[in-house]
Structure formats: C-alpha cells, structure tokens
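Colleague: Sequence:
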Amino acid sequence: MTKTGTIRFYDVKSALEPLRGWSPNAWRARLFLNYFEVKSSVQYETIFISYPSIKGEVTRLYAEGNAGEPNAFTLPLIEDPKTSPPTIIMDSGLIAKYLCSAYSSSPIGGMEKFDEYFDWTSRNVQQFLRGYLFLDVWKNLDEEGKIYFRESRERIFGCKLENMMDRFGGEEATLDLLRKGWKPLQDRMKGRPEDDE
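As numbered in my numbering, residues 614 to 810 make up the sequence shown, in order.
It is possible that part of the hints are untrue.
Unchecked claim - Here are the simulated BS3-like pairs of lysine-lysine, each with C-alpha atoms no more than 27 Å apart in a straight line:
1. Lys726 <-> Lys652
2. Lys652 <-> Lys710
3. Lys726 <-> Lys793
4. Lys752 <-> Lys773
5. Lys796 <-> Lys726
6. Lys710 <-> Lys803
7. Lys652 <-> Lys695
8. Lys710 <-> Lys668
9. Lys695 <-> Lys668
10. Lys668 <-> Lys773
11. Lys752 <-> Lys668
Simulated from the structure, these hints should not be mistaken for laboratory data.
Can you build the whole structure from these sequences, using the hints too?
Modeller: Have a look at this one:
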C-alpha cells in the first residue's frame, strides 16, 4: 500500500530473484531518489512493469494525471503525489532534474552540465555499448519482457541482438569506437583540466 506522499517509481521488471532493479537508466533515477530519501526524507516505492505492459501503464498514468499525451513509452517514470494531480515525469535525466528542483533547497553541483554530459555519452559511448548490453538486458527480463524486447529491438535496429556489433564493423571495431568514445570521459575523471574546455 502506498503511503500518502510516497513517490511511485516505475522500473522495468526482470527475472531476477528477489525482484530488484537492474536497468542502468532506472538506476540513474534511483540514485537521485536515494539521495533525496536521505537528504530530504523523500519516500518512494518501486513498481515493476514488464516490457509489454509499459505502453498501457504509461498511457494510464498520463491520462489519470491530466499530463496530456506521453511523447514516448519508456521507463523509468515517477508519479509524485506532492501535486494534484500527481506530477508524472518520464526519463532518468528529467527525473533527476525534477527531483533537484522539487526537493533541493540549494543547487546540486554539476546539474547545469547534465544535458550536455548525457547527450555526449549517448553519442560517444552508449550507442556502442548496446552491442554488449542488449543480450544481457534480454537475459535479465521476465519471459514476456524477453519476447517483447527481442522483437522490438531487432525491428528497430534491423539485426538480431546477437549481431548488434556488426552495425559498427564487428566486435573489434566496436571496441575501438568504444575506447575512443570513452577516452575523453576517462581523462575528465582523472581531472585533466584541458579536457573541460
């Protein structure tokens, strides 16, 4: 049962026992929820949704929250009862920004560059990681989710999950692209100021 004022956090259901979070996108949002749970006494509960049920659940939440039409059907998503109707936010980056604005009394360092960082990692790192991650994602899903994920991703990318790296010239070529994409981030993490320009 949801406690009054408890944020509902919608995450992708898996086959993991016990049932727990596993999605990297959802973990980004969960990190901020956990931060504000400690800093601001924000309470949240996790509701797991199987991949084939995401579109219907997102549509229902948007309709009930008078939030208009969703622009996508994806998780993570939060439903915050702090407002009436509840605020509905989808996408880990937007969730992080919303939590910072709604629950922080002072700015959180680095948030001003959040979009820039997110866009950069999407272009330079994440697209190449898909070749490695999609099969692992598929293996972690519940049975209904596995069927949906395989069919939808193979349709979107035009190849079998097992052949995702072929889109970039095979495993070695994908690794090279990943290394090149990762290098500026690695340099920044080492604190090289020239990479911040």
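Colleague: Could you grab the alpha-carbon distance between Lys752 and Lys668 and see if it respects the 27 Å cut-off?
Modeller: holds, 21 Å
Colleague: Would the pair Lys710 and Lys803 pass a check requiring their Cα atoms to be no farther apart than 27 Å?
Modeller: holds, 26 Å
Colleague: Is Lys652 within 27 Å of Lys710, Cα to Cα?
Modeller: holds, 16 Å
Colleague: Is the Cα-Cα distance between Lys752 and Lys773 27 Å or less?
Modeller: holds, 14 Å
Colleague: When you check the alpha-carbon spacing of Lys726 and Lys793, does it fall within 27 Å?
Modeller: Cα-Cα ~21 Å, so holds.
Colleague: Between the alpha carbons of Lys668 and Lys773, is the straight-line distance 27 Å or under?
Modeller: It holds: about 23 Å lies between the C-alpha atoms, which stays within 27 Å.
Colleague: Is Lys796 close enough to Lys726, meaning Cα to Cα at most 27 Å?
Modeller: holds, 19 Å
Colleague: Need the status of pair Lys652, Lys695: alpha-carbon distance at most 27 Å?
Modeller: holds, 17 Å
Colleague: Check the hint pairing Lys710 with Lys668 against an upper bound of 27 Å on the C-alpha distance.
Modeller: holds, 23 Å
Colleague: Straight-line Cα separation of Lys695 and Lys668 no greater than 27 Å?
Modeller: holds, 24 Å
Colleague: Does Lys726 pair with Lys652 here, judged by a C-alpha cut-off of 27 Å?
Modeller: holds, 22 Å
Going down the numbered hints, you'll see the structure goes against none, and every one checks out.
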